[in-house]
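J.: If you read the sequence shown in the working numbering, its first letter stands for residue 6, the second for the next number, and so on.
Be aware that a few hints might be false.
[Unchecked claim] Straight-line alpha carbon distances no greater than 27 Å define the calculated DSS-like cross-link-like pairs of lysine-lysine that follow: (1) Lys586 with Lys491; (2) Lys607 with Lys586; (3) Lys607 with Lys309; (4) Lys607 with Lys491.
None of these hints come from the bench; they were simulated from the model.
Here the structure is a predicted model, which is why all the values come from computation and not from measurement.
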Amino acid sequence: MNRSATGHDGRWAGVRETAVEPIVSGEDGSLAEQVWRNAVEDSDAVQFIRPDPDPRSWPVRRTGGGGALPVTCRQFRDDVLALARGLLAAGVAHGDRIGLLSRTRYEWTLVDYALWSIGAVTVPIYDTSSADQIRWILGDSGAVGCVVETADHATTVDGMRADLPALRQRWRIDTGDLIDLAARGRGVDAARVDARRAEVAGDDLATIVYTSGTTGPPKGCVLTHRNISADIGNASAVLPQLLHPGALTVLFLPLAHAFARLIQVGMVRNRATMVHSADMSAVLDQLRRFRPTFVLTVPRMFEKMHDQARRAAEDAHRGLLFGIGEQVALRYSRALDRPAGPGLPLRLAHVLFDLIAYRRLRAALGGRCRMAIVGGAPLGERLGHFFRGTGIVVLEGYGLTETSPALTVNLPTAMRIGTVGRPVPGVRIRIADDGEVHARGEVIFPGYWNNPAATRETLTDDGWLRTGDLGSLDDDGFLRITGRTKEIMVTAAGKNLAPAPIEERIRAHPLVSQAMLVADGRPYVAALVTVDPQAWVRWRDAHGHPGATLAGFRDDPRLRAEIQDAVDQANRSVSHAEQVKTFRILGRDLTEADGELTPTLKIKRESVQDHFADDVAALFHGH
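Model the full structure from these sequences, guided by the hints.
T.: Pasting the structure below:
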């Protein structure tokens, strides 16, 4: 259902609201109930694969040999039950909040479902969080316990116990504390877990997810069992090509992120197989080893895949061939959106390049992966068409932690590259008069933990969520995100601009890692640009400067000319007033560790401006 509105001048203002009717409703019970159903209905289905399990972290059932270990639905239920009994023995009550500070691994999912099975609440914490962030999250949530992964995590949490009066217990994964906890639970009757699970209602808290946030302290998003089950139930119904028994994914995004968490729940719901991969440096090896049918990632991974493929071709003196193959992929994908489809010459060229190039790109994902879901940041039309043209359909979606998180998604049967798709069934989307995207449905969170003022600011009186994003709907109900309301910049001349589209185009250059516009209250638009560390090494060596540092070479005319090309390309897509007039190459890349990027690689603009204040000043010297 789409609705249009009329502007004040009498002309059509475009589609203002769209909705897709729900296919299923959120369940009135615990998300952990699915674990018990799976164990009864398909006990031997492989639910997880533990790549290289550590028996000190959680017991390993082996019949001999090492290597990857499958975990069936029945075995997972038994593991969840054993840990749940231990948590009961430790005194964890219904509604108690438990922190979970760990990388993505089997034990993360195990703890999550064990807590859900007794009505407790998981409070995820990124393993890269600073001590101040950890203290804030554990303190604000009133966590009574915390599961940590490593010695460093344990030391950090133990060092702040005096500031956390509610925190009674701390368990460390890699020293066997979960095993000890399960052993302690052997004296607890399993029927007590069944009784506690039966007490969980759909509107009970399942988790409090603290948003990484680009400004201010994190806010705790309260999500209920019903929120999450409604979201994944409807997403599963429209994505059967991805979420089904026999599907397999290697999950390497942090489970502290709501996007990865939803896929975890979806894999359990659909009895598909998930491989946890905590080591980002080994992701490509894991992809080749386990050959996923789909992957979940952020756009930056596909940007790097594209750039690595280009560099590999150039190293093999096949750069020209790569360029031609890239154009064929782009033209082929765009032709798929036309009624006539690709013509015969284009189809033949596509077959040729599939034989000599595209299949190598697919092999990097294991060879079986023909689909991917991306979110967290814009992918860009060019990359979307490039990968579809090479045989990997990238389904771009959109959502927020506050929306459980999926709101919209492109489908294999209904996709429009450059948009974030249509609403997930059960979701309504409207565009407010100021261009902000609003959303409504069972997936919308009830509010922020301990923060009624922020809840009132985010939820309208009539139940709509203000997303903080700017967007538009086309006539077919596809949503396009154009920027953030809080990131709209106003130049000294009064020109409003959204930085994201321009930054995205600058980032498309193979040398560029990050780009950030500086324009608020300024006489013109300028940009801070960082160079990709790998691309820098190649560039300096190719130009006869081995060993040179970027910090000492960033004003080199040849390097600046390369970045100027990227800026010129971006400027062609916007009006004269929005064009970048000058830029500054920073001496290093932005990092999460320095507080300049969120865990999903969004730029923290205020931090960057503070850290590089001299560079910002240099952009406007004399003005």
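J.: So, for every hint listed, does it hold in this structure?
T.: Cross-check of the supplied hints:
| no. | hint | result |
| --- | --- | --- |
| 1 | Lys586 with Lys491 | holds (23 Å) |
| 2 | Lys607 with Lys586 | holds (24 Å) |
| 3 | Lys607 with Lys309 | holds (16 Å) |
| 4 | Lys607 with Lys491 | holds (14 Å) |
Going down the numbered hints, you'll see the structure goes against none, and every one checks out.
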